[in-house]
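S.K.: Going down the list, the sequences are from chains A and B.
In this text, residue positions in the first sequence follow the working numbering: the first is 1, and each later residue adds one.
In this text, residue positions in the second sequence follow the working numbering: the first is 1, and each later residue adds one.
Check the hints yourself; a few may be wrong.
What the hints assert, rightly or not - Which residues of chain A face chain B? A few of them, derived with a C-beta cut under 7 Å, are:
{"hint": "1", "residue": "Val6"}
{"hint": "2", "residue": "Asp45"}
{"hint": "3", "residue": "Glu46"}
{"hint": "4", "residue": "Met74"}
{"hint": "5", "residue": "Ile76"}
{"hint": "6", "residue": "Leu80"}
{"hint": "7", "residue": "Val106"}
{"hint": "8", "residue": "Gly115"}
Keep in mind the hints are simulated off the structure, nothing from the lab.
These numbers come from a predicted model, not from an experiment.
Think of the CB as a built atom: it goes at the ideal place given N, C-alpha and C, for glycine as much as any other residue.
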Amino acid sequence: MGEKNVLILPGRYENIRRICQFVTEGATRSGLDETAVFHIELACDEASANIIEHTYGAEDGGDIHISWHVAGNMFIVTILDNGPRFNPGTVPPPPSASHPPQPDDVDNIRVGGLGMHFMRQLMDEVTFDYTPDQGNTLVMKKKLPAKMDKQ
Amino acid sequence: MSIQQQQTGSSHLIRISGRLDQAQTPQLEAVLNSLLEASHYHFIIELTETTYINSGGLRSLVSAWRKARQQAGNLILFGLNERLQEIFSMVGFDKVFQIYPDAAAAREAMQKIVNNAL
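Please put together the full structure from these sequences, using the hints given.
M.R.: Written out as C-alpha cells, the structure reads:
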C-alpha cells in the first residue's frame, strides 16, 4: 500500500476547492489522466458538500478529514467526518435512472441526490461505513491505468 | 471567473466563465433571480468558457429554467465542452434543457421561443 496523504480542514464551503486540489494533485501524480482527475475532483466536491450540508447540517459543524493513497491498481480517496450516521439509502434515486426527466415536466424535475449519483457514476467503487467512535467513512476508488498497476 | 449579462432584444445572454462551483453559483443565482423578479423570463446561458460545473451549479440552472418555463419563458444553453456535456447527460439534463452548439443557433432558437410567447 502506498503512503497515505492526509488533509484535515474545517467543514466550510470555501475549503472544498482546497480539498479537491489536494486530491487531484495526488491523482495526477499517481498517473491518472485528465478525464479521470476531473471525475475524482467532482466526486470529492460532491462528497464534501454533502458532508457540510447534510451530515453536519451547516458550515463549521465539524472537520473534514481527507486522505488519498494508491493500493494495487486503485487510487483510493477516504473522507471521514464525525457527524451523525449518514445513511446513503435515504438519498433519492437519480433523476435519470428509471424515470428520465422530461422537458415538459417543469414542476417535477428532481434535483436532490445529484451529488451522490455523480459520486457513484464517476468513481469505480463507493462505500460508506459508520462507527460511533470514528463517525462516517466514505471510500471512493478509481482504477489506475494498466501501466500503473505495479506501483 | 466571472458572470456577465447582456440584454439582446427580448432575451438576456448570461456568460459564465470559469468554474460554476460553490464560489460562483451564488453570483449566478443572484443575477438570474434579479432578472426573474424584474419579469424577464428568456435566458441564453453561454457556457463556452465554463470549465467546471457541480450539482449546485446544475440546481441553480434548473431552478431558473423552472421559473422561466412557468412564465412561458425558457432558459437555453450553448457552448458546453465535453466534460459539461458528460455531466448534463449523466443526470438526463441534456434532455431537459435545450442545448445548442453555438451562439447563432441559440439566438435563433430563442427568437422562436420569444415569438411563440407573444
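S.K.: State for each hint whether it applies.
M.R.: These are the hints, each one checked on the structure:
1. Checking A:Val6 against chain B by beta carbon gives a least distance of about 23 Å; that is not within 7 Å, so the hint is violated.
2. Satisfaction of the interface hint for A:Asp45 is found here, the shortest Cβ-Cβ separation to chain B being roughly 5 Å, below the 7 Å cut-off.
3. The interface hint given for A:Glu46 is met, as the beta carbon of that residue sits about 6 Å from the closest beta carbon of chain B, less than 7 Å.
4. Restraint check, A:Met74 versus chain B: the minimum CB separation of about 22 Å is more than 7 Å; hint violated.
5. Contact between A:Ile76 and chain B, as hinted, is not supported at the beta carbon level, the nearest pair being about 22 Å apart and thus beyond 7 Å.
6. Look at A:Leu80: its Cβ only gets to about 20 Å from chain B, farther than 7 Å, so that hint breaks.
7. Annotation: A:Val106 was flagged as interfacial toward chain B, and the flag holds, the nearest CB pair being 4 Å apart, inside 7 Å.
8. Hint status for A:Gly115: holds, given a least beta-carbon distance of 4 Å to chain B, under 7 Å.
In this structure, the earlier hints numbered 1, 4, 5, 6 are contradicted, and the remaining ones agree with it.
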